[in-house]
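Student: Those protein sequences? They're chains A and B, same order as listed. Using the working numbering, you'd call the opening residue of the first sequence number 1 and step up by one each time. Using the working numbering, you'd call the opening residue of the second sequence number 1 and step up by one each time.
What the hints contain is simulated information worked out from the structure, not anything from laboratory work. Virtual Cβ for every residue (Gly too), placed ideally from N, Cα, C. Just to be clear, a hint being listed does not mean it is correct.
To be verified - Chain A side only, calculated, beta carbon under 8 Å to chain B, not exhaustive:
(1) Arg-144
(2) Thr-146
(3) Phe-148
(4) Thr-149
(5) Asn-300
(6) Leu-304
(7) Arg-308
(8) Met-311
(9) Gly-314
(10) Arg-370
(11) Ser-493
Read off the chains here:
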Amino acid sequence: MLFNSVPFIFGFLPLVLAGFYTLGHWRRDWAILWLILASLCFYAWWRPLNVLLITPSILINYVLARIIQHRVDERPGIARTALIAGIVFNLCFLGYFKYINFFGVVAGDVFGVNMVFANVILPLGISFITFQKIAFLVDVHSGRVTSFTLKDYALFVLFFPQLVAGPIVHYREMMPQFHAAPCRFHADDMAIGIVLFFFGLFKKAVLADSIAAYVSPLYADAAHGAQITLFHAWIAAIGFMLQIYYDFAGYSEMALGLARFFGVKLPVNFFSPLKAASVIEFWQRWHMTLTRFLTAYLYNPMTLALTRRRMARGAPASSATSSPSAFITLIAFPTIVTFAICGMWHGAGYTYIVWGFIHGVLLTINQGWRALRRAYLPRRMVIGSPLRFVGRALTFLSVVAAVVIFRAPTVGVALVIWKGMIAINGATMPQGYFDHGGVLVWILQTAHVRPDPSSGMLFIAAWLWIAGLLAVAWTMPNVLQILRNYDPALGISALAPPGEKQNNWLSWRPTTAWSVSMAVIAAAGILSLGQLSEFLYWQF
Amino acid sequence: MTENDILSDLTIILRDLLGDDSIMLAMDTQREHVPNWDSFNYINFMVAVEQKFRVKFKVSDIETFPNVGAIVRQIAALRPGA
């Protein structure tokens, strides 16, 4: 069941909320049980068999967590073995469902063997759920989680607002909220939840799905062997960047809004990433809870081990940018490995691995640049200078170029689009622009732009959408900033302090003007619900 | 060695690491407050601190130090003879 569907908005959600608030009046326990049951139904709606997969997985993880908890002080060896067993179990679970078919493809490509596995269907949200379960086991082992019950753990894994596509949450940030939640109707939470949910729905149903209509045919054409020319290739690249931007922003806001209906705040997951002035900053704003997970459980342990080993062998205790070998060992290697895994986490295919590798290289270049900048540029040139504008432009171009292979069905299709972006396939514009003569035709012909049979209206509409969506992403405050006085998400105070200067008219308040505006936004979102349109991140 | 001494040594280590002599760490300083002190530099800082004070942090501690003061207190607790 999609968040952006009529059965969810007008059936499932009102029913679950009514049951939750009503049961909460009598006993909190019942309300929580109702929420767990509702979350299981939500998960089962897509494919009932999945409940038979996720339930044993929850029980196995729970038992392992209990073993870790009880043995960590007296028998640390057993606790460590249980932790490793849990991590291996979860990775194998993910590996079987997500990667078995891909491993068959790789075996075929490398060894020439024809390995066909059963048609394994990927359970919804398995990548997100797996990461949360691993994080929980690690947190129990390290003592960051000291008490838990089966009911709490089941709610932590299954809570439907973030079950399928995050944010990836920690037990320790969720459970205190569930324990403190009154489980009753609360007007403030409902109002904030509605603003978040319908802004998100608008972004998904009106903005992301609209630009998708211009983008998808270009990738389909490229997959069918068409040469994509300059302007069309840039529509494919920037257009998809904007599609996934508004799709994921929309999903993240809807998830925050849904959780808020239950009195729970989820962590910030998306914070105007196209305003980033570096690729490092981009990852501090895009899918922030994934970055947090990768940093804490993959990058940091890897870098820590490498740094300690290097220093134990007599290397000086200086910056990782102090020498080329330190840079390669302590920055380039762990960064590229982490992001190649990040790419593979998104999907089982060469394209995702290459995308992750590209981001790893971009981040490494970014770190190298920072080191050079610190060494050679005076400080006053670094802060508050036009460099930030240049940084933003370069970051935008880099992530736009990289996202092509994230969207392309094969590496070959991505190459076609990339070639188009640097005009190797030439430049064309719709025939209609050449029909009327005049200065425009002279300019186009002078610039060696050839006519093509595509629609002039669609071409101009695509660029208008791109211009409009970019203007919003670059110049407008995001919804969390608009709501900042109402603490809309965990971690928002560090990103947008309540006292931060901002246009007052854009700060949400419970006023008539905002009510009317929200009604229009909600109506536009609901009226745009047409065909099933999955969130892009639901496939991961 | 007092907490102030540790804090002053941490400031020197971070200044060297980031090449920024204007950094002034306080007990309530958080990583977000210091320009360029990102996750990449954080690990290097922590290992340099380990070397300087001859202590070893747990990975989980490194990730959850809420501010510089927590690092200072952990160093004080871990140092031989503390």
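Student: Against this structure, judge whether each hint is valid.
Tutor: Cross-check of the supplied hints:
no.: 1; hint: Arg-144; verdict: 6 Å, holds
no.: 2; hint: Thr-146; verdict: 13 Å, violated
no.: 3; hint: Phe-148; verdict: 17 Å, violated
no.: 4; hint: Thr-149; verdict: 22 Å, violated
no.: 5; hint: Asn-300; verdict: 6 Å, holds
no.: 6; hint: Leu-304; verdict: 6 Å, holds
no.: 7; hint: Arg-308; verdict: 6 Å, holds
no.: 8; hint: Met-311; verdict: 6 Å, holds
no.: 9; hint: Gly-314; verdict: 11 Å, violated
no.: 10; hint: Arg-370; verdict: 7 Å, holds
no.: 11; hint: Ser-493; verdict: 11 Å, violated
Against the hints set out earlier in the document, violations occur for numbers 2, 3, 4, 9, 11.
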